[in-house]
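There are 2 protein chains.
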Amino acid sequence: MRVEIWTDINCPFCYIGKSRFEQALDAFPHKDEVEVVHRSFELDPTVKKGETGLVVPHIAHKYGISEAQAAANEQGLGQQAAALGLPYLTEGRDYGNSFDLHRLLHLAKDKGVQDALIDALYRGNFVDKESVFADEEHVVRLAVGAGLAEADVRGVLADPDAYAEDVRTDEREAAELGATGVPFFVLDRKYGVSGAQPAEVFTQALTQAWGARSPLTVIDGATGDADTCGPDGCAVPQA
Amino acid sequence: MRVEIWTDINCPFCYIGKSRFEQALDAFPHKDEVEVVHRSFELDPTVKKGETGLVVPHIAHKYGISEAQAAANEQGLGQQAAALGLPYLTEGRDYGNSFDLHRLLHLAKDKGVQDALIDALYRGNFVDKESVFADEEHVVRLAVGAGLAEADVRGVLADPDAYAEDVRTDEREAAELGATGVPFFVLDRKYGVSGAQPAEVFTQALTQAWGARSPLTVIDGATGDADTCGPDGCAVPQA
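Going line by line, the protein sequences match chains P and Y. Mind the numbering: the first sequence is residues 7 to 245 in the working numbering, read in order. Mind the numbering: the second sequence is residues 7 to 245 in the working numbering, read in order.
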């Protein structure tokens, strides 16, 4: 079974939702047969590369709320995180363009360390004092800590085309699947869960999707089995 | 809609089947909404890296048929290819371990040129006199011709771990989906087509899978919409 999770490193509910999903997955009897893939979704692609600032005044300005309200939101998020045992930097978090972080997550997917990198980037953004948007060395340290080779990380960061197409493909697919926000969980392209739902909702979704697994319907036309190659050779009609 | 095609560069029916599938896809009214992904399947992973030789005596020895029969098989394959307008080197084709070629196909996927590379590798194996198994420079030329940067290609070839996990994941998924040979076509993880079927079978499969597309079933438990972040910010409960 495959669970695809669209997220952004900028997104507090993605950080919180991942933890709730993992509570459900850890208790799921078939967890070893569940493949989890992280997919890219930029919450705000209009933020330019290099543009950063503190989240609280940015949010207040953007949505026309007071800075006090925006600061209270961060406290509320911190409380939700704490309820899961997750640290959360309620003051001083910054925002920025996440495209390069998504490109690195695709590199990490290729290297088999995507889950480790997403956890590291969440920690880098929601816990560490250093910025993941304004401090490239911080990002490199996190990526190397997650198991990537430093040269690979610097190579991808230096080449704006590297994995760019993968990020855009993920974003197109999110739109096609109807996602308008994140986190967005898709199970076997059949069931969708939107938001940082309670763990029991993820348990329900895993159970339902597991029960709905079905073998492929084989389409073979009137000719039946056609020409294939397998470990026992190619079924070649004699000329 | 997504079509995944498990193939091996060693596999004549994969070369032929791709062409038949593309005939159907070209005539399919929704072809612009069909995403095609090539996935890895090693026909014979027991062939060691560096081991190569002519296909005809290899096949004859392996399956206990005469060399004349094995040579006649190649002629038969050449005729099937010719019927599609595909060139086919009926004499002198060699075999080898395809793991590195699959790793390059994953690099090409990341760079958005996977389809171009698979066509180039088929041409390299089934048409060109140079080997794709014994002549690394031939492979590099084909990959560069398909749009990859030479340094990337050489980097992947020099690092046996690069994209290795992607190849193995594809192979595990093929086994889980019930594929025992290739080419193996999977439409939206719902329909399967095995073998180099006639184009009309692919047309039927595309039509059937298109009709069966369905929106995700949303699972949201009793709480309804949960916490998400979107372009309009995060829906944060006031603390």
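The hints are simulated quantities; they were obtained by calculation from the structure and are not laboratory data. Since the structure is predicted, the reported quantities are computational estimates derived from the model, not experimental observations. Misleading hints may appear alongside valid ones.
Same chains, same names: a pair is fine if it fits in one copy or spans any two.
Pairs of lysine to aspartate or glutamate residues, derived as EDC-like cross-links and limited to a Cα-Cα distance of at most 16 Å, are as follows [stated by the list, open to error]:
| hint | residue 1 | residue 2 |
| --- | --- | --- |
| 1 | K68 | D238 |
| 2 | K55 | D125 |
| 3 | K196 | D32 |
| 4 | K37 | E10 |
| 5 | K135 | D100 |
| 6 | K55 | E179 |
Hint by hint, here is what the structure shows:
With identical chains, the CA atoms of K68 and D238 are at most 16 Å apart between copies only, with a shortest distance of 9 Å across copies and 63 Å within one. Proximity of K55 to D125 under the C-alpha cut-off of 16 Å is found in neither arrangement, the shortest distances being 22 Å within a copy and 36 Å between copies. Proximity of K196 and D32 under a CA criterion of 16 Å is satisfied in neither setting, with 21 Å inside one chain copy and 27 Å between copies. Taking the shortest Cα distances, K37 and E10 sit within 16 Å of each other inside one copy (14 Å), while across copies they are farther apart (24 Å).
In this assembly of identical chains, the alpha carbons of K135 and D100 lie at most 16 Å apart only when taken from the same copy (10 Å versus 58 Å across copies). Within a single copy, K55 and E179 get their C-alpha atoms no closer than 23 Å, and across copies no closer than 37 Å, so neither meets the 16 Å cut-off.
Of the numbered hints listed earlier, those contradicted by the structure are 2, 3, 6.
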